[in-house]
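Novice: So the chains spell out like this:
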Amino acid sequence: MSKFSGTKINPKKFHRSQTKFFVILIPLAIFVGLPIVFIINHAFKPTNELYAWPPRFFVRRPTIDNFRNLVDLASESGIPFSRYLFNSILVTVVGVFLSILITSLAAYGLSKLKFKGKKLLFEINTLALMFVPIAVTIPRYLTMANIGLIDTYFGLILPLIAIPVGMFLVKQFIDQTPNEVIESAKIDGASEMQIFLKIIMPIIAPAVATVGILSFQLIWNDVVGSSLYVDSESLKTLPFYFSTIAAVAGNPVAGQGMMAAASFIMFVPNIVLFIFLQSKVMNTMAHSGIK
Amino acid sequence: MTNKMNSPLWFITPYVMLFFTFIIIPVVIAILLSFTYFNTIETPEIIGLRNYIELITRDEVFMQYVLPNTIKFAFIVGPVGYILSFLLAWMLAQIPHKARTVFAIILYSPSMTAGIAMAVVWTVIFSGNSTGYLNALLMNWGLVQEPIQFLQSPDYLMTIMMIVSLWGSMGVGFLAMLAGILNIDQSLYEAAYVDGMKNRWQEIFYITIPSMKPQMLFGAVMSVVGTFTVGAIGVQLSGANPTPQYAGQLMVNHIEDFGFIRYLMGYASAVSVVLLVMIYSISKVTFNLLGEKNR
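Protein chains in written order, with full-length UniProt numbering: chain A, 1 to 291; chain B, 1 to 295.
Hints listed in this document are in silico derivations from the structure and should not be mistaken for laboratory results.
Within a straight-line C-alpha distance of at most 30 Å, the following computed BS3-like cross-link-like pairs (lysine-lysine) qualify:
hint, chain 1, residue 1, chain 2, residue 2
1, A, Lys280, B, Lys98
2, A, Lys280, B, Lys213
3, B, Lys4, A, Lys118
4, A, Lys13, B, Lys98
5, A, Lys116, B, Lys284
6, A, Lys13, B, Lys198
7, A, Lys186, A, Lys280
8, B, Lys4, A, Lys112
9, A, Lys291, A, Lys116
10, A, Lys116, A, Lys186
11, B, Lys284, A, Lys291
12, A, Lys20, B, Lys98
13, A, Lys280, A, Lys118
14, A, Lys8, B, Lys213
15, A, Lys119, B, Lys4
16, B, Lys213, B, Lys284
17, B, Lys284, A, Lys112
18, A, Lys114, B, Lys4
19, A, Lys116, B, Lys4
20, A, Lys280, A, Lys198
21, A, Lys198, A, Lys186
22, B, Lys198, A, Lys8
23, B, Lys213, A, Lys291
24, B, Lys284, A, Lys119
25, B, Lys213, A, Lys13
26, A, Lys20, B, Lys198
27, B, Lys213, A, Lys20
28, A, Lys8, A, Lys20
29, B, Lys213, A, Lys12
30, A, Lys186, B, Lys4
31, A, Lys12, B, Lys198
32, A, Lys291, A, Lys112
Construct the complete structure from the given sequences, taking the supplied hints into account.
Specialist: Below, the structure written as structure tokens:
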């Protein structure tokens, strides 16, 4: 029998035979990670280092000037920075909460309850995995204008909280939970909603965390909502404000430092959240298959 | 209050309502609008198939640049990103847990950077004057005398778009494949070796891929969709729509160009419908390809 390498999947500790993977993975991780390290360094560079020649990758004398300028520029334009920040946080927190709630409810319904059209609904949802929102931006705008969502916080939140991918992942996850638990709770007189809240929700915590991350990324980074669905400046969110700096700084001199600071502010919450929840995400992904 | 809530309606109504309002209805409206002339001010006027006919016969930009660009972009970034996701996931599965977690976080992190961040980092790196990092490097090594206008030059823009997209392509699909590989029953490998399997390649093709087929399919769909979603990247990098000499113009940009710059909504909708149909058919083809290979 030739050497058996299957057991090398998910090894407990380092073995010499893994060296070849590290030889490939380390340079690749550096290539992938450098731009991220770059964002972090660039955000803290003083002006003379931003335009030093030859350009330096790492920051020498870190400063928070870029962040300060970013805040100042906002108040010059009439809307304080805190307003954009408040809007972003409000929209993201409410959006993520609703997204988790609505998605898990529907996933439970599709996984464990019996009703007409259930199969069809899941089929349509799977089809919608292939949906690219950017392709139907215009009709989406028209729909929203017709139901009066333009220029409200709802206009920023509602279009983003029904995520087919999230719903798909949670449904696949709930499929794995044993029916016996649900049956016995029913014998004890629990309603479907009680079963969902008290039994299912704790079990599907990893999947919920995953939907949370996906919807956080979607809502926190969303520019389309602010640029199309709200007109008043006081309702717009951080990424929109940052994207206007990008437009002003068409010539790189005007706002490179500020843009780097902006990217830093946008990126950090994403990565922190992901680092905390990555084991939960992996747990969910194990059931992510399309059969 | 919750002790009487048994009807499935409690569970599915909120999702279904949102899902229909923001996904299904817009798609339907897009299809309807695509048969009209609509300039956002007057009521849409039905003109039958004229938008589609014009798109195919008259729109030289679409036929000469947008469509070939989109196809080229999708057919390179999609499969390469997908194969890369699998290979990386496969390698990650074979190193210890702690190192794997660190690598997975690094590889996933680009897909979290918003469009602005991507544009900032990469525009600075490829910037056309001597403060651009790549130009500074090349000039330092004496490879070029004058800085190259990477982002404004039609010769480079597409390549840069592809590199940046591949850099950010380790998303949800990659995580799914990693989880898929880690969850394969190890006794399958053992059995296969007893039955005379000889090497790693056989291992990958006869055991690994078939055992994680559901995740492979999920990854494939995510990869196709991801490829088309990052489509706006050319405009972000070059800072202009249309991109210089239409070098990085993709369908998404064409839609924005006609919809929000020229206000020809009916026409833009027709392009949207073509895009949705393309994504759908490519996903289907991918499905069938992967499905058959592993049977």
